[in-house]
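Student: Since chain A is already given, all that's left is putting chain W on it; use the hints.
Residue numbers (numbering that gives the first Met the number 0), protein chains in the order written: chain A, 0 to 178; chain W, 0 to 601.
Among the hints, erroneous ones may be present.
As the list claims (entries may be wrong) - Far from chain A by the CB rule (all over 12 Å, computed), these chain W residues:
id: 1; residue: Ser237
id: 2; residue: Thr285
id: 3; residue: Asp454
id: 4; residue: Glu523
Stated by the list, open to error - List time: in silico BS3-like cross-link candidates among lysine-lysine, alpha-carbon distance up to 27 Å:
id: 5; chain 1: W; residue 1: Lys513; chain 2: W; residue 2: Lys472
id: 6; chain 1: A; residue 1: Lys162; chain 2: W; residue 2: Lys163
id: 7; chain 1: W; residue 1: Lys572; chain 2: A; residue 2: Lys114
id: 8; chain 1: W; residue 1: Lys266; chain 2: A; residue 2: Lys71
id: 9; chain 1: A; residue 1: Lys36; chain 2: W; residue 2: Lys44
id: 10; chain 1: W; residue 1: Lys219; chain 2: A; residue 2: Lys162
To be clear, the hints were calculated from the coordinates, so they are not data collected in a lab.
Ideal placement from N, C-alpha and C gives every residue a C-beta, glycine not left out.
One-letter residues, chain by chain:
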Amino acid sequence: MKRTLVLGLMMFLAAGAAFGSIMLKVSSFSPADADFKSIYGGGMTYGGELSFAAGKSLEFWLGASTFSKTGKTSYTLEETKLSLIPISAGMKLKITLSKSISPYIAVGAEYVLYKESNAIGSVSASGFGFIGKGGLFVQVADFFGLDAHLAYSSCTITSTDFKFDVGGLEFGAGLVFIF
Amino acid sequence: MAVLVLVLSLASFSLFSLGRSGPKRSIDINAPLSWIRGYTLIMLKDSDIRSVNEARDFIAGEGGTIAVVSEGHAMLGWVPPSVADRIVGKHGIESVHYKPVDTETLEYGDDITRTFVNVFNSATAGEIERLSRSPRKAGDPLIKDALEHPFTDPRDITANLADKRVDWGEDAARTAANQGIFPGYSDSMTGTITYALLFVESNGAYDGDLYDWTPAAVDKVNSECITGASWWSSKAASYGKTATFTIRPIVPTRTEMRQPYEPILHKSDEDGLWINKVMENMGYSTGDQWARVTAYNAWLKSYTNAQWAYTCFFCYNPPGASSTFTDGYFAYAYLGGPYIQMLYRNDGWGLDATRYIFSHETGHIFWACDEYFQAGYGGCESCLPCSSFRPVTNGNCAHPSCNPNPVPCIMRNNEDAICNFTAQMIGWDVPLQTLIIQTGTGGTTSPSPGAYTYDRGTSVIVTAVADSRYRLKNWSGDASGSANPVTVTLTGDKTVKANFERIIYSPTNVVGEKVLNRTLGQAERINVLTWAANANNSDLTIVSYKIYRVNGSTRTEVGAVAAGAELKFLVRKAGKDTQYTYEIVAVNNEPREGDAASVTFR
Chain A
0 MKRTLVLGLM MFLAAGAAFG SIMLKVSSFS PADADFKSIY GGGMTYGGEL SFAAGKSLEF
60 WLGASTFSKT GKTSYTLEET KLSLIPISAG MKLKITLSKS ISPYIAVGAE YVLYKESNAI
120 GSVSASGFGF IGKGGLFVQV ADFFGLDAHL AYSSCTITST DFKFDVGGLE FGAGLVFIF
Chain W
0 MAVLVLVLSL ASFSLFSLGR SGPKRSIDIN APLSWIRGYT LIMLKDSDIR SVNEARDFIA
60 GEGGTIAVVS EGHAMLGWVP PSVADRIVGK HGIESVHYKP VDTETLEYGD DITRTFVNVF
120 NSATAGEIER LSRSPRKAGD PLIKDALEHP FTDPRDITAN LADKRVDWGE DAARTAANQG
180 IFPGYSDSMT GTITYALLFV ESNGAYDGDL YDWTPAAVDK VNSECITGAS WWSSKAASYG
240 KTATFTIRPI VPTRTEMRQP YEPILHKSDE DGLWINKVME NMGYSTGDQW ARVTAYNAWL
300 KSYTNAQWAY TCFFCYNPPG ASSTFTDGYF AYAYLGGPYI QMLYRNDGWG LDATRYIFSH
360 ETGHIFWACD EYFQAGYGGC ESCLPCSSFR PVTNGNCAHP SCNPNPVPCI MRNNEDAICN
420 FTAQMIGWDV PLQTLIIQTG TGGTTSPSPG AYTYDRGTSV IVTAVADSRY RLKNWSGDAS
480 GSANPVTVTL TGDKTVKANF ERIIYSPTNV VGEKVLNRTL GQAERINVLT WAANANNSDL
540 TIVSYKIYRV NGSTRTEVGA VAAGAELKFL VRKAGKDTQY TYEIVAVNNE PREGDAASVT
600 FR
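Just chain W, same shape as in the assembly:
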């Protein structure tokens, strides 16, 4: 908790230093919303967890991707229409939707089902995209919000699970072997993941009951956390992984959520006050909050038949209440679990950013490091791994000693992207992507033309190497332009082709002079241009030469001369004292103009 003191100190310094303000980030967090494309709502007949899991697994087996399910009648994911045809009517699947659904006609009236439908409607109607692309409020950065919990005695966890019919013996051994780290709950963000949202409520016993969750506030948090889980699921799919979330909200009207404290009146490191009480209400009363929540997560895994589980405590702080705990913290998680602590309003981020904060904290649950750094304010401070559980280099850390040019990432500035480092930290091996390099006539490339495989996200520099008398014309395929070399970032399989062109060399011995053409009483000045054919064009069919006058930025064709004629061109009635610039180009039989030879004279 020393970090909390540090943050509090920083905040106090900013508050009481007249004429100074703490550095704030300027973050571009409007990133592509790829997860919305193809977003699908699946309606189910049965809502018990067994039936839901059965439908989920069936859809996945048929080729669909399920992002989030619940103990409700709806699930969300990406199911192609061809798959939809095969699954409707089976395993309790009633319908598949791609367009907004009229909630008035919903057969099921439970809250979580309605929330799922509302999230789907917002996504498919463009509301989520509109909100995401509009300027977003931003609070203080989530600096040092990835905490390490103290050693917790595994026997406490075992005791909490004694009457829950959950066998924790194997996990206890692993926990002991890992010095208090609880492997087995969020080792990698793959497979099936259950997350519980616990809406902490005060019963007024100690602090007074100042703020009570409203149904709308609960629905908003549920919506944001469903959206955040969908985001992660889509990113997993883009890495060739499957991550399917099960949301289990425990609403504040449940007696278990009521405890004596009003959390927003406390420091964040006092979260044990309300967490221990809530967990005790739920039947987990042995040991500290980490032992109790871990035991609850074990039960969650067992109950929902999930591979991983974690818990997120939400405390209510409506407008009028502070947007942070009294020490300045508002959202944090323990690296590797077991829980996230968030507020309804998280500093200045705005309610619509809850999804990103939740996603960021979920990254920490699965061992992802922070990547944000701002001088004088803090953040990651090196490329070193932030945990020993999966010691992946934190190569996207924005600290100057690590990566001065970090890429957008959810773990950097809550951006709608993940980098390969984050992917590896959460257990996603980075897939290999294929780069096919091709060339046309007239040159080769470095690397040589062929097929190569690289880690996804790798940037490959491809240099075009032209043969004698050729040059790079342009790149085609997944690259464009004529810059050489070109950098290809392998966000997927890509093909680039270097197209070369035979150089049509400029004419040689170009001479321009102004001559007088006179009679007895009349005269005119004539610009006389002469040139010679370039020997390097001897193997080309040059059919003519074009003459351009260049005047500032204007280039105007003034005439042409057949290649077989005398290579001379007259421009009559020239100004006596005017300076002229001409360009002469050879034209081949394509016809294509070659390089220009320029001459300037007065």
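So here's chain A without its partners, still in its complex pose:
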């Protein structure tokens, strides 16, 4: 079901696009969940984003990133490893202030794959959430630009023992290749 939704969204975006871009990004992630913060804290995420123009100011985008972090269990302070893979898609509204500078806002849906392993055991789960972000695109050349963005996401995952939010605040930058 989840896979069907994602594929449908991509086909829709591809069908309506006049042109697009690919962005490679790196972000600083600060989790919203207090336990997340306590056990793992924040960290860097790495990912990419594919955008297709659906009009002069509207784009559809599809992105994915990864977040991996090592933390300590709460009592025994043993090592525990976390891996998150958020996959997101949505619409972006661009405002062209000049030929090269375009601030934008975007909203979308997010699907997060979660995995955690440690002395207690290993667990995998996933969940749906939302993401909203705003940013500034600076086109440096015809096929190349820079992106700076601030995003907030929320995605609740239910594992064997807890229900928790793997979203948070993310501030990052990216290299954008236009085609």
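Tutor: Here is chain W on its own, set in the frame of chain A:
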């Protein structure tokens, strides 16, 4: 004889009271058969009493113990093999046997010799033990079977002995001085004792001759009385005494045993009818039966060169005849002698119990009191002595006013044992036994460690008193277990040792709690145990602590922590709502675990 009337009345009451039955005893009379161990048969060349006594005394002088002899070619006792080597071939001693003997190859065919050999074979082959350990029939208790005879004129005894070449002058004086009691015949059960078994037979003159003794019945009685005498002899040895019996059976085929009455058709207090007649046949015709039998006993003493003598009259009552006299009595004796009256079948006791009844009655002959009591039925009624001859407290009397917890004794329930009171009544001073009390490191005892002497049979309570930080670990030697105090009964010399152990104290400040150990999406409960070392163990080398989980009656070790490490132990993946109980013990360098500290939490 008033007592006979009382017994008869009791019996009649039981018989004619519908819906009621007289109280019966339940007696455990299966006691150890110590006398069988080492039982020895000695075969002799000559059977005359002089030769037999000479062999008997020689064996005793060499270190053997002779229990029973007769005018036959066999005697029984306990002769160690080392002694046997020295005595065979001397004083007419032909052989010494420890294993059953083939009676077919016996050189001597006389009845009494064969009976001795058969008793020996039964004992050494285990037959006596098997019979004794199997459930035994039991008849009515031998209540008030110790009688006192009336005053008897000593001149009658003297007259009976006039032509017997027995000088009774000194005994007559003593008898007169003791108001009719005949001292000198069974004063104490020590030394040499002769007992005559007189098998009374009817000649049909008055009552008709209904029952005639059979050779087998005579042999059975002889066997039982040899066994009973052996039993007494072994008990004497255990008290450091010597009691050697000479059995003199007078078989029913002898004309002297034939008299006009069929005894089983009479009351017991009519026993003078047949006893006087039998004694008259034997040449004792002056005075009452006590005078006549006493005179016969005097002759027995003289003839067998014994220190003491008594007589036992056996009357025949085969199956079909009553098992008691018409007044309910079946076995009785006169305190201090001169005689016992018994039947072939004694009430419901069974033929194999004859030895115990004979032994019981022999106890009375030597002044032992009854010790049996059953409420509503009778028996001894106080701790008071039952005679003035040797006024020993009857301290094992089962009457509630005396001793509610009497010990087994032949004079109580015909048991294979004697108590110190009985021993003293029959003239055996109770030997002193030594109790040695020892202790290991860590304490003392009360009484203090050392050697003590007590009367044989005394129960001594020994209490272990541990030093600070020590406690009693166990008793060793002739005591065991860890109960404190311990009671040691001195059936012989004994040694007990109190072993103490240094207490390894339990850990202190033991805390158990269940904590949550979590990650972002996972969690486990951990039982966290913490404790502290006990300061009382500071002088010990504690090397580790062991942790046990206690679940019901199951105690399972779950781990250990080195004494130098953090005194904390985690039990992971605990149940969220499960209650846990743990015990933590310190372990020293022996290694020995100490006392446990317990903690329970949910």
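Student: Now tell me if each hint is right for this structure.
Tutor: Tested hints:
no.: 1; hint: Ser237; verdict: 73 Å, holds
no.: 2; hint: Thr285; verdict: 111 Å, holds
no.: 3; hint: Asp454; verdict: 71 Å, holds
no.: 4; hint: Glu523; verdict: 5 Å, violated
no.: 5; hint: Lys513/W <-> Lys472/W; verdict: 37 Å, violated
no.: 6; hint: Lys162/A <-> Lys163/W; verdict: 122 Å, violated
no.: 7; hint: Lys572/W <-> Lys114/A; verdict: 21 Å, holds
no.: 8; hint: Lys266/W <-> Lys71/A; verdict: 106 Å, violated
no.: 9; hint: Lys36/A <-> Lys44/W; verdict: 114 Å, violated
no.: 10; hint: Lys219/W <-> Lys162/A; verdict: 98 Å, violated
Violated hints, in rising order: 4, 5, 6, 8, 9 and 10; the structure is consistent with all others.
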